[in-house]
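S.K.: From first to last, the protein sequence lines stand for chains A and B.
Sequential numbering from 1 applies to the first sequence in my numbering.
Sequential numbering from 1 applies to the second sequence in my numbering.
Treat the hints as calculated values from the structure; they're not laboratory data.
Careful: at least some of the hints might be erroneous.
Said to hold, decoys possible - Straight-line C-alpha distance at most 20 Å; calculated EDC-like pairs for lysine to aspartate or glutamate:
| id | chain 1 | residue 1 | chain 2 | residue 2 |
| --- | --- | --- | --- | --- |
| 1 | B | Lys203 | A | Asp193 |
| 2 | A | Lys203 | B | Glu89 |
| 3 | B | Lys296 | B | Glu32 |
| 4 | A | Lys203 | B | Asp10 |
| 5 | A | Lys203 | B | Glu23 |
| 6 | A | Lys203 | B | Glu32 |
| 7 | B | Lys203 | A | Glu263 |
2 protein chains.
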Amino acid sequence: MAVYTPVSDDELEAFLAAYDIGEVTSFSGIAEGVENSNFLVRTTEGTFILTLYEKRVNPDELPFFIGLMDHLARKGLSVPRPVPARDGETLRNLNDRPAAIVSFVNGVWHRRIQPAYCRSLGANMAEMHAAGLDFALTRRNNLSVGGWRPLLESCALPENPIYHGLHNELNQELLFLEANWPSHLPSGTIHADLFPDNVFFLKEQVSGFIDFYFACTDILVYDLAICLNAWCFEVDGGFNITKAQNLVTGYHGVRPCSVAEREALPILARGAALRFLLTRLYDWMNTPADALVKPKDPMEYLAKLRFHRGVASPSAYGL
Amino acid sequence: MAVYTPVSDDELEAFLAAYDIGEVTSFSGIAEGVENSNFLVRTTEGTFILTLYEKRVNPDELPFFIGLMDHLARKGLSVPRPVPARDGETLRNLNDRPAAIVSFVNGVWHRRIQPAYCRSLGANMAEMHAAGLDFALTRRNNLSVGGWRPLLESCALPENPIYHGLHNELNQELLFLEANWPSHLPSGTIHADLFPDNVFFLKEQVSGFIDFYFACTDILVYDLAICLNAWCFEVDGGFNITKAQNLVTGYHGVRPCSVAEREALPILARGAALRFLLTRLYDWMNTPADALVKPKDPMEYLAKLRFHRGVASPSAYGL
Numbered sequence: 001m002a003v004y005t006p007v008s009d010d011e012l013e014a015f016l017a018a019y020d021i022g023e024v025t026s027f028s029g030i031a032e033g034v035e036n037s038n039f040l041v042r043t044t045e046g047t048f049i050l051t052l053y054e055k056r057v058n059p060d061e062l063p064f065f066i067g068l069m070d071h072l073a074r075k076g077l078s079v080p081r082p083v084p085a086r087d088g089e090t091l092r093n094l095n096d097r098p099a100a101i102v103s104f105v106n107g108v109w110h111r112r113i114q115p116a117y118c119r120s121l122g123a124n125m126a127e128m129h130a131a132g133l134d135f136a137l138t139r140r141n142n143l144s145v146g147g148w149r150p151l152l153e154s155c156a157l158p159e160n161p162i163y164h165g166l167h168n169e170l171n172q173e174l175l176f177l178e179a180n181w182p183s184h185l186p187s188g189t190i191h192a193d194l195f196p197d198n199v200f201f202l203k204e205q206v207s208g209f210i211d212f213y214f215a216c217t218d219i220l221v222y223d224l225a226i227c228l229n230a231w232c233f234e235v236d237g238g239f240n241i242t243k244a245q246n247l248v249t250g251y252h253g254v255r256p257c258s259v260a261e262r263e264a265l266p267i268l269a270r271g272a273a274l275r276f277l278l279t280r281l282y283d284w285m286n287t288p289a290d291a292l293v294k295p296k297d298p299m300e301y302l303a304k305l306r307f308h309r310g311v312a313s314p315s316a317y318g319l
Numbered sequence: 001m002a003v004y005t006p007v008s009d010d011e012l013e014a015f016l017a018a019y020d021i022g023e024v025t026s027f028s029g030i031a032e033g034v035e036n037s038n039f040l041v042r043t044t045e046g047t048f049i050l051t052l053y054e055k056r057v058n059p060d061e062l063p064f065f066i067g068l069m070d071h072l073a074r075k076g077l078s079v080p081r082p083v084p085a086r087d088g089e090t091l092r093n094l095n096d097r098p099a100a101i102v103s104f105v106n107g108v109w110h111r112r113i114q115p116a117y118c119r120s121l122g123a124n125m126a127e128m129h130a131a132g133l134d135f136a137l138t139r140r141n142n143l144s145v146g147g148w149r150p151l152l153e154s155c156a157l158p159e160n161p162i163y164h165g166l167h168n169e170l171n172q173e174l175l176f177l178e179a180n181w182p183s184h185l186p187s188g189t190i191h192a193d194l195f196p197d198n199v200f201f202l203k204e205q206v207s208g209f210i211d212f213y214f215a216c217t218d219i220l221v222y223d224l225a226i227c228l229n230a231w232c233f234e235v236d237g238g239f240n241i242t243k244a245q246n247l248v249t250g251y252h253g254v255r256p257c258s259v260a261e262r263e264a265l266p267i268l269a270r271g272a273a274l275r276f277l278l279t280r281l282y283d284w285m286n287t288p289a290d291a292l293v294k295p296k297d298p299m300e301y302l303a304k305l306r307f308h309r310g311v312a313s314p315s316a317y318g319l
């Protein structure tokens with residue numbers, strides 16, 4: 001559930017008094033998302049999302065996230081557009097949390113992925129990358145190769161003999177990635193968390209991207225590698241080459257990839273698999289057994305990692 | 001949180017294919033309510049709520065609840081209007097749950113109650129009572145006087161010495177109410193759960209009633225007695241006679257109460273206090289200490305019960 005901090009009608013009214021967005025006609029908490037508190041606010045002028053940023057978001061990084069959404073929205077991308085208060089500020093305070101009002105993005109997220117969705121995803125991601133190239137702010141990706149060893153160590157796998165095999169495998173993988181991670185590929189502003197629940201569709205076409213709170217400055221096609229993992233495996237674990245082909249072709253049609261970028265996809269996909277494996281593993285090791293929210297299965301990403309390790313060239317992705 | 005049964009985009013699409021309500025443009029779970037799973041569905045034709053009825057609702061009673069909302073909406077009351085599928089059915093099945101689509105009701109619910117809200121509440125409740133008089137179906141109120149003794153017994157208070165005082169007090173109260181509960185007051189269809197979170201407002205005027213899943217056939221002014229408890233006490237426990245006066249006057253202006261109805265308000269208010277005290281007590285005794293949802297404090301209603309027990313005439317409510 002995604003309402004950690006309740007907001008009363010009085011608090012909402014006092015908060016919205018600073019904005020020119022009409023009178024509230026409806027207000028309800030949204031049961032999606034896991035990081036922040038989100039509310040749907042309907043007014044006489046339109047529909048908006050109110051987000052209260054909870055403790056997992058670093059307040060110092062909010063100007064980057066808010067600024068990026070504003071930058072992309074101004075370029076015509078369908079992303080939540082931060083709505084400024086009358087004083088021009090888009091980031092304010094509500095119930096002791098940083099808070100922002102953003103525009104509502106139409107669409108639904110698909111659970112069962114069709115190849116056509118992947119094609120539209122690729123094309124829209126490439127447009128977002130192009131639009132983000134002249135965004136002035138930067139944010140280091142603290143969940144890229146430099147952040148993985150501390151993450152692996154914080155999982156403390158060696159303390160338990162049953163995890164020794166897993167630890168050795170991940171350690172070997174990490175040594176390989178640290179030694180071979182590409183350093184000269186085009187970089188820019190990436191979303192870095194384009195899982196299906198962050199991509200809205202109307203029919204088969206992407207209608208918007210949401211949840212920019214992992215966005216950062218990194219290798220552009222690393223976003224593509226994340227999506228190879230998040231969109232192109234079937235529930236039974238099998239890799240769907242048609243979806244991968246659609247994804248990369250859709251991207252390439254809007255922002256042509258260099259040979260170097262395509263050749264790097266297998267190692268980037270290994271890295272992306274390890275990144276989500278490690279954060280899930282960390283959550284897994286640090287979630288009490290009786291917690292309400294079941295952490296996501298890290299082993300799904302171990303299987304993906306092993307698949308990419310067996311890939312010799314991007315032809316395995318249908319390229 | 002209020003999404004117990006997830007619904008995917010595919011499941012939603014298959015379900016909505018039976019309706020003429022346009023194409024889905026947005027779909028999200030609502031983090032309010034505690035009994036059922038609720039989703040906000042926006043389509044090219046409008047905004048709707050999809051409800052999946054969970055185990056606390058008896059499926060046999062759904063035709064009463066759905067029929068009542070339909071009846072009231074047809075009479076112009078602002079309540080969720082059940083939307084029939086193309087085959088005319090308003091009650092269907094989704095993910096093994098009974099499910100219905102209803103219209104969206106504008107408004108916000110107020111946490112801090114002003115006397116003016118109580119006046120509008122009274123007037124709108126009276127309109128609902130008048131509109132419900134010719135509703136063809138009936139449903140016995142199983143949480144009225146006949147249901148309280150089994151409820152008290154199921155709390156098993158005598159088993160624990162620390163609850164002996166409470167048990168005696170409630171037992172005495174129950175004996176009094178069983179012997180004196182009014183039997184000849186005008187009866188009809190009541191909402192029976194008009195707490196602030198079930199009453200939407202635009203500014204100071206009621207814009208709609210929601211959540212009809214305790215509605216039943218009972219003494220009309222018992223609804224008023226429930227609201228005396230739910231709307232007219234301050235956070236510090238004090239009774240606010242101005243709010244009570246506004247509530248009853250608002251009601252009386254639309255549906256004049258007989259002397260007998262007014263005279264019965266103190267005993268009905270005692271009964272209403274005992275009803276919520278007992279259901280909260282039952283939840284309190286039957287919720288594991290580490291449960292996510294903290295049960296509501298039953299003792300709040302013991303204080304209210306004691307207040308009404310000290311009331312000699314409806315003049316204590318400002319009448």
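S.K.: None of the hints should be skipped; say for each whether it holds.
M.R.: Hints and how they fare:
no.	hint	result
1	B:Lys203 to A:Asp193	violated (40 Å)
2	A:Lys203 to B:Glu89	violated (27 Å)
3	B:Lys296 to B:Glu32	holds (15 Å)
4	A:Lys203 to B:Asp10	holds (11 Å)
5	A:Lys203 to B:Glu23	holds (9 Å)
6	A:Lys203 to B:Glu32	violated (28 Å)
7	B:Lys203 to A:Glu263	violated (61 Å)
The structure shown violates the earlier hints numbered 1, 2, 6, 7.
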